[in-house]
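At position 288 of the sequence shown the residue is numbered 288 (UniProt numbering), and the sequence of numbers has no breaks.
One thing to keep in mind: the hints can contain errors.
Have a look at the derived ranges for each label pair, beta carbon to beta carbon [said to hold, decoys possible]:
id : residue 1 : residue 2 : range
1  : Gln74     : Arg133    : 27 to 37 Å
2  : Leu285    : Lys19     : 48 to 58 Å
3  : Ser323    : Gly129    : 30 to 40 Å
4  : Thr325    : His269    : 22 to 32 Å
5  : Glu163    : Thr270    : 52 to 62 Å
6  : Leu339    : Thr32     : 49 to 59 Å
7  : His340    : Ile47     : 51 to 61 Å
List time: in silico DSS-like cross-link candidates among lysine-lysine, alpha-carbon distance up to 25 Å [claimed, not checked]:
id : residue 1 : residue 2
8  : Lys50     : Lys19
9  : Lys56     : Lys36
10 : Lys165    : Lys36
11 : Lys247    : Lys286
What the hints contain is simulated information worked out from the structure, not anything from laboratory work. Note that the structure is predicted; figures quoted are calculated from it, not measured. Cβ atoms here follow ideal geometry from the backbone N, Cα and C, with glycine treated the same way.
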Amino acid sequence: MAPGVGKTYRMLEEAHQLKQDGIDVVIGILETHGRKDTAQKAVGLEIIPKKTIIHKNINLEEMDTEAILARCPQLVLVDELAHTNVPNSAREKRYQDVELILAANIDVYSTVNIQHIESLNDLVAEITGVVVRERIPDRLLDEADAVVVIDVTPQTLEDRLREGKIYAADKIEQSLQNFFQRPNLIALRELALREVADTVEEEANTSISPGQIHNVHERVLVCVSTYPNSIQLLRRGARLANYMNAKLYTIFIADPENFLTKTESLHIHTCERLCQEFGGEFIHLKSSHVPQAIAQFAATHHITQIVIGESQQPRWKKFFKRSFTQRLLELIRDQKIDLHIIATEK
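Sequences and hints are given; from them, build the entire structure.
Shown next as structure tokens:
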């Protein structure tokens with residue numbers, strides 16, 4: 001979530017354990033930022049010497065990717081994945097060095113902060129007021145075999161900062177007044193936890209059969225029709241999604257044998273616009289079997305809450321066939337979905 005949470009320290013702990021297990025592990029690059037505990041934790045691990053690059057008559061040091069490839073360990077630790085290499089380097093970004101190492105069948109452990117993810121850059125700038133220059137493509141998280149969040153409370157992070165465990169003494173007060181303000185840390189922590197949760201959930205969706213998936217995130221599906229009360233349903237569903245911090249879907253299923261009137265089309269368009277205003281996703285499908293279509297969509301999108309209106313079916317018809325609600329309940333019974341039936345004005 002931020003500098004100083006203990007990413008590098010945790011990576012070094014893992015490396016020591018793997019070395020004990022017989023894994024050939026080396027340190028490709030380590031950025032201690034003067035933290036004594038972190039430097040001490042590296043003792044006992046082989047470190048690949050840095051290479052010197054001359055830029056404007058100044059000797060600068062960078063990770064020696066070619067030396068790592070020549071050494072060919074099983075695992076290499078590469079700190080600060082978002083780092084920009086010094087000018088005149090063979091590659092502009094450190095993550096490009098990592099991709100070269102991975103291509104040589106060498107595993108990599110690396111560290112990164114949430115503010116370095118490309119797609120989150122604008123959001124982080126809005127939260128902290130700081131535009132982060134060093135960024136990595138989102139795909140790197142998708143391509144990783146595992147993503148681990150190193151989590152501490154904002155209070156703990158502030159304490160570490162004040163104790164001089166993150167930055168030098170002359171930077172402490174400035175950091176507390178800027179990036180390390182409590183509201184910033186809370187927001188960044190939530191962002192980091194959400195990002196990892198999404199990564200875990202995406203992995204579950206692609207590697208586990210639908211019947212084995214346990215829904216952790218709430219997802220609300222509002223079923224609208226050509227009846228005017230759909231607007232009420234949509235508002236109730238949006239409030240429900242907001243309370244649960246859930247993703248909102250709205251679905252309209254049209255009968256392929258019936259054409260919508262101009263008034264009905266306008267009504268559905270209004271529902272779609274309202275759904276989008278609520279930050280939801282509107283789905284327009286065609287099917288002669290509405291309950292089945294809803295149940296199928298709910299299964300594929302891991303819906304946890306379905307919102308429908310009370311049946312508009314005349315009472316006499318209910319004596320001859322099951323209601324829409326009964327048919328839908330039967331279809332979603334095994335999916336562990338809550339069904340909300342909203343009483344609406346006629």
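Comparing the hints with the structure gives:
Judged by the Cβ atoms, the range 27 to 37 Å given for Gln74 and Arg133 holds: they are separated by roughly 33 Å. Here the CB-CB span from Leu285 to Lys19 is close to 55 Å, well matched to the stated 48 to 58 Å. Between Ser323 and Gly129 the Cβ separation comes to about 55 Å, which falls outside the hinted range of 30 to 40 Å. Between Thr325 and His269 the beta carbon distance is about 26 Å. The supplied range of 22 to 32 Å therefore holds.
Take Glu163 and Thr270: their Cβ atoms lie about 57 Å apart, and the range 52 to 62 Å holds. Roughly 56 Å separates the CB atoms of Leu339 and Thr32, a value that falls within the hinted 49 to 59 Å. Our hint of 51 to 61 Å for His340 and Ile47 holds, since their Cβ atoms are close to 59 Å apart. In summary, the hint linking Lys50 to Lys19 is supported, as the alpha carbons are separated by about 22 Å, within the 25 Å threshold.
Of the pairs offered as hints, the one joining Lys56 and Lys36 is violated, with about 31 Å between alpha carbons and a cut-off of 25 Å exceeded. For the given pair, Lys165 sits about 8 Å from Lys36 by alpha-carbon distance, which is consistent with the 25 Å threshold. With a C-alpha separation of about 23 Å, the suggested pairing of Lys247 with Lys286 holds against the 25 Å cut-off.
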